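Undergrad: With chain A held as given, fit chain B with the ligands onto it using these hints.
There are 2 protein chains.
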Amino acid sequence: MEDIPVSELALTPKRGGPKNLPIAEVLVDDEDSEAMQAQRDKPKLVILGTGWGSVALLKTLNPGDYHVTVVSPVNYFLFTPMLPSATVGTLSLKSLVEPVRRIVHRLRGHFLKAEAEDVDFSSKLVEVSQVDASGKRQHFYLPYDKLVIAVGSTSNSHGVKGLENCHMLKTIDDARKIKNKVTDNMELACLPTTSDEERKRLLSFVICGGGPTGVEFAAELYDLLNEDLRKNFPKILRNEISVHVIQSRSHILNTYDEALSKYAESRFAHDSVEVLTNSRVKEVRPDKILFTQQEDGKTVTKEIPMGFCLWSTGVSQTTFAQKLAKKLEAQNNKHALETDTHLRLIGAPLGDVYAIGDCATVQNNIADHMVTFLRTIAWEKGKDPQKVHLTFSEWRGVAERVKKRFPQAANHLRRLDRLFQEYDRDHSGTLDFDELHELLMQIDSKLTSLPATAQRANQQGEYLGRKFNHIAKALPGMRANEVDYGDLDEAVYKAFSYKHLGSLAYIGNAAIFDFNGLNFGGGLLAVDGLDEEGVFR
Amino acid sequence: MEDIPVSELALTPKRGGPKNLPIAEVLVDDEDSEAMQAQRDKPKLVILGTGWGSVALLKTLNPGDYHVTVVSPVNYFLFTPMLPSATVGTLSLKSLVEPVRRIVHRLRGHFLKAEAEDVDFSSKLVEVSQVDASGKRQHFYLPYDKLVIAVGSTSNSHGVKGLENCHMLKTIDDARKIKNKVTDNMELACLPTTSDEERKRLLSFVICGGGPTGVEFAAELYDLLNEDLRKNFPKILRNEISVHVIQSRSHILNTYDEALSKYAESRFAHDSVEVLTNSRVKEVRPDKILFTQQEDGKTVTKEIPMGFCLWSTGVSQTTFAQKLAKKLEAQNNKHALETDTHLRLIGAPLGDVYAIGDCATVQNNIADHMVTFLRTIAWEKGKDPQKVHLTFSEWRGVAERVKKRFPQAANHLRRLDRLFQEYDRDHSGTLDFDELHELLMQIDSKLTSLPATAQRANQQGEYLGRKFNHIAKALPGMRANEVDYGDLDEAVYKAFSYKHLGSLAYIGNAAIFDFNGLNFGGGLLAVDGLDEEGVFR
Ligand SMILES: Cc1cc2nc3c(=O)[nH]c(=O)nc-3n(C[C@H](O)[C@H](O)[C@H](O)COP(=O)(O)OP(=O)(O)OC[C@H]3O[C@@H](n4cnc5c(N)ncnc54)[C@H](O)[C@@H]3O)c2cc1C
Ligand SMILES: Cc1cc2nc3c(=O)[nH]c(=O)nc-3n(C[C@H](O)[C@H](O)[C@H](O)COP(=O)(O)OP(=O)(O)OC[C@H]3O[C@@H](n4cnc5c(N)ncnc54)[C@H](O)[C@@H]3O)c2cc1C
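Going line by line, the protein sequences match chains A and B. When we follow this note's numbering, the leftmost residue of the first sequence carries the number 194, and every step to the right adds one. When we follow this note's numbering, the leftmost residue of the second sequence carries the number 194, and every step to the right adds one.
Same shape as in the complex, but just chain A (with noise of 0.2 angstroms):
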């Protein structure tokens, strides 16, 4: 065996930092080829979580110009879209995982199987934990210099008693579970011992919520109780099993084009799956679920008695995230971590953290920022902001600043010349600070915050990995130059903008694609697995 060079820091860190623990400056791996060696001195990008965000980020960096680490509870990626199938369907659930450490070999690049419990903004130190083999957690701290914050969300309990009772659908571990606990609940449904009552309630299968998940698992739960296990199990089980979907709102997948959630109700009226609209969740028992409905004006308690509950009602923001928030005044958002539109975390000094993903949300509010701009806009005419008046062509570079600073506007900054028509009420060929402000209010009041979608996160990924490659680039010059760091990114590359690819929803066998307005419905899809760019659904 070749004598391995690893650095006495690497496997005795020195401590420090406000709560001194050991700071990993070296990893034991720092030394482990030329290639790695050559990382030693580059800025330390650390990466928090290893799902769609963070692997888009990896697969789209370029090698060399980062010292890397990923840090993750979860040694793999995992391709969530095709989980609710995978987990009751003959799709095998290892062929939906990617090992990390593969992706980000191909960076020369560190990963540590730990869960980021802190961040210390002013020392640029991330505190990491994880439980030893004793079962004692474990603390230090790791240093960047660029922060990437993809911690993903938790499901949100919307404050319901009993959800230890429910199954959640996350990771390659929950399917395996709900895989054996429908199975199961199968077998012993087929026993002698099993009374009629019983037998019904073990295949009463309830899910919680009418989103994309629910509804694609319940989809896929019917086909499986109906198609594959018949020939299998007795006949009774056909006849006894039930499966009902719980959903809040009026319509399941609400969040989705009108037509298309026409079609998964009449899909499931016709294959039997009762659908409970208006029906709030009050609380999961072990044998029974309890929820209410308006009737007549008065509160309703029903009950199903259920031998399966998946609680898959939204999400919510991870216990890190919200220290996160907490610890930053300017961050002021419950639901997510908020970002400017280069991504970057607001309140954190410039350029050293960024969040992306479903952790994160991109702050898109223009009348936040109205006052800066008409107060630039004055500034640059010389003017008091409530003299302001702006020709066309003034207008037009106003909208040329809009865009930039919030890519998502640009959709509804298309038609200039009509837009300006349209609020120079007073018909003046100018538009004065009260119609401009009315404009931008408006074009605010259109925007929405972006989908906690793979397809967003992959996007912002993506983007990231583009950005640090043109910041690594960019680095030495501006070094050299003695420009200060933090204005990088604008100096660099242009802000993150979403492009909304379509989406797909899985009902059963049939395939509904709502692509920006445009639906249709029916037919197989085949996703054959997953490629270097990731398949969206």
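Calculated from the structure, these hints are not laboratory results. It is possible that some hints are incorrect.
Same chains, same label: a pair holds when it works inside one copy or across any pair of copies.
Unchecked claim - Calculated pairs, DSSO-like style, for lysine-lysine (alpha carbon to alpha carbon, straight line, at most 30 angstroms):
id, residue 1, residue 2
1, K370, K329
2, K252, K596
3, K481, K354
4, K481, K329
5, K393, K329
It should be emphasised that the depicted structure is a prediction, and the values quoted were computed from it without experimental measurement.
TA: Using the frame of chain A, we list chain B with the ligands on its own:
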């Protein structure tokens, strides 16, 4: 949904039997199809277990002859020979399993996921139990006309303390746990909070038992740790990894041909897998293993710090089989259920109960039957046994009878002329009582008990399948002639005879094949999954 006819008796079974439990006379799917209805009055064949023996039987039986019910706590068939390599390798675990319901379906049989607890031989009831959804164990009786016991074996603890700190390798769940543990240890070894000493411990893998499973696992683990993982994990791990095999005998693979055992040892020596022979494990602690060795006539206790321990030191009887053996006075083997050469459980009513595979052993001691043999011969000749003298042609007749009864002896009864000459010490031209006795004792001593292998279980399952097919054909005629049912086996079919088709051991990427003494090693062997007959190793 169509209306499904289910007998009331299936929904609420009558109680009875020695413990007054529900008796599953009729099952919920007995009327599911015409084929199933036609089987209601066929002899009830109950098969315990879903391993090699049962599945071979199920795959050999003709559909329609019996009302078949399979009982097992596990609803899949597991291809055990590939388990050690799939556990640590890249082969998917899922590819090693076959759902039992699919196999049972061919026969329009029934499957109950439950455990056999006891058998009441006089009322022909198997007591079966399963834990219900509320965690309570529910018991019931399953009536049989024919019962096949194929419950396999459990790990042998050899009375060693601390086995809860070991992994076993028997089920797909075991394999998954091992897989997770190995990677968890590798991941922990990369963290900056892990000391060098702890890293060495985490990466010390101990295998107790130098039989085929232990050796194959050690070889696969070595390959995994050294080939597959080295690309993606820090190099320091490779330097600190160690694999140790602890074997009580003087060689590993000691039941195989010597050349094979030597090959494995030299391969391990080259790979620096430590082989500790003549070593007995004393105790397994969470972080180390204690074992003893003989040094200068004294017993010395040694220890190895370890992060993972596999316990594979051979097999022992399940509690269920032990319970049955205790019940039947005629059973006096401590390690397995004894059957006659028709695989009928000795002591149970003739033709009712069979035992095959790892849980069973075929009584092959001719010596025990000597007196009966000789008495029969003497009686045929109208003489006192002590005074019998056999001519060569009479000896041929006796030899034929011995072969029929003990097919395993056939190999040793090939050259009848030579045997006759050799044992006719007084050259009288006849064998007298003492000479015959000596001859048969010699043969008896050469017969060994059958190996606990997939190959044997498979052959026994197929044998029973073929025999049951014959019995089903013969039954109507026999019944018409009022022939006693229990004698059918010998009347319609030959005794079981084991054919050793060679053993195969995997040492890393090399397969070593031991084919009746002729053995060769090296090269790669591809096993392309399961075929109908099973692929042997
Ligand atoms: C069952 C299911 C089906 C879905 N189907 C679709 C679909 O069809 N189409 C679609 O567009 N989207 C779908 N989604 C949503 C999509 O998966 C998410 O929007 C996407 O995964 C978000 O990517 P992300 O990188 O932000 O987070 P994730 O992919 O969730 O990754 C977060 C990562 O952070 C890690 N992490 C968590 N906490 C910490 C911590 N403290 N420190 C370090 N790491 C941490 C996690 O282990 C994980 O690796 C589905 C989601 C689920 C659960
Ligand atoms: C890791 C491993 C590797 C092996 N490699 C090889 C090899 O390479 N070559 C080879 O020839 N052999 C190999 N073997 C041995 C081989 O698997 C066994 O000899 C074979 O499985 C025996 O078959 P069986 O039908 O007797 O028992 P099993 O296959 O063990 O099946 C027993 C069945 O009975 C069920 N059962 C247990 N208790 C009860 C109960 N109370 N009631 C009802 N059902 C019950 C079990 O769940 C199981 O389904 C290996 C074994 C292991 C564990």
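Undergrad: Each of the hints needs a verdict: does it hold here or not?
TA: For each hint, the structure was consulted:
no. : hint           : in the structure
1   : K370 with K329 : both (26 angstroms within a copy, 20 angstroms between copies)
2   : K252 with K596 : within (28 angstroms within a copy, 70 angstroms between copies)
3   : K481 with K354 : within (12 angstroms within a copy, 44 angstroms between copies)
4   : K481 with K329 : between (37 angstroms within a copy, 18 angstroms between copies)
5   : K393 with K329 : between (44 angstroms within a copy, 18 angstroms between copies)
Consistency note: the structure conflicts with none of the earlier hints.
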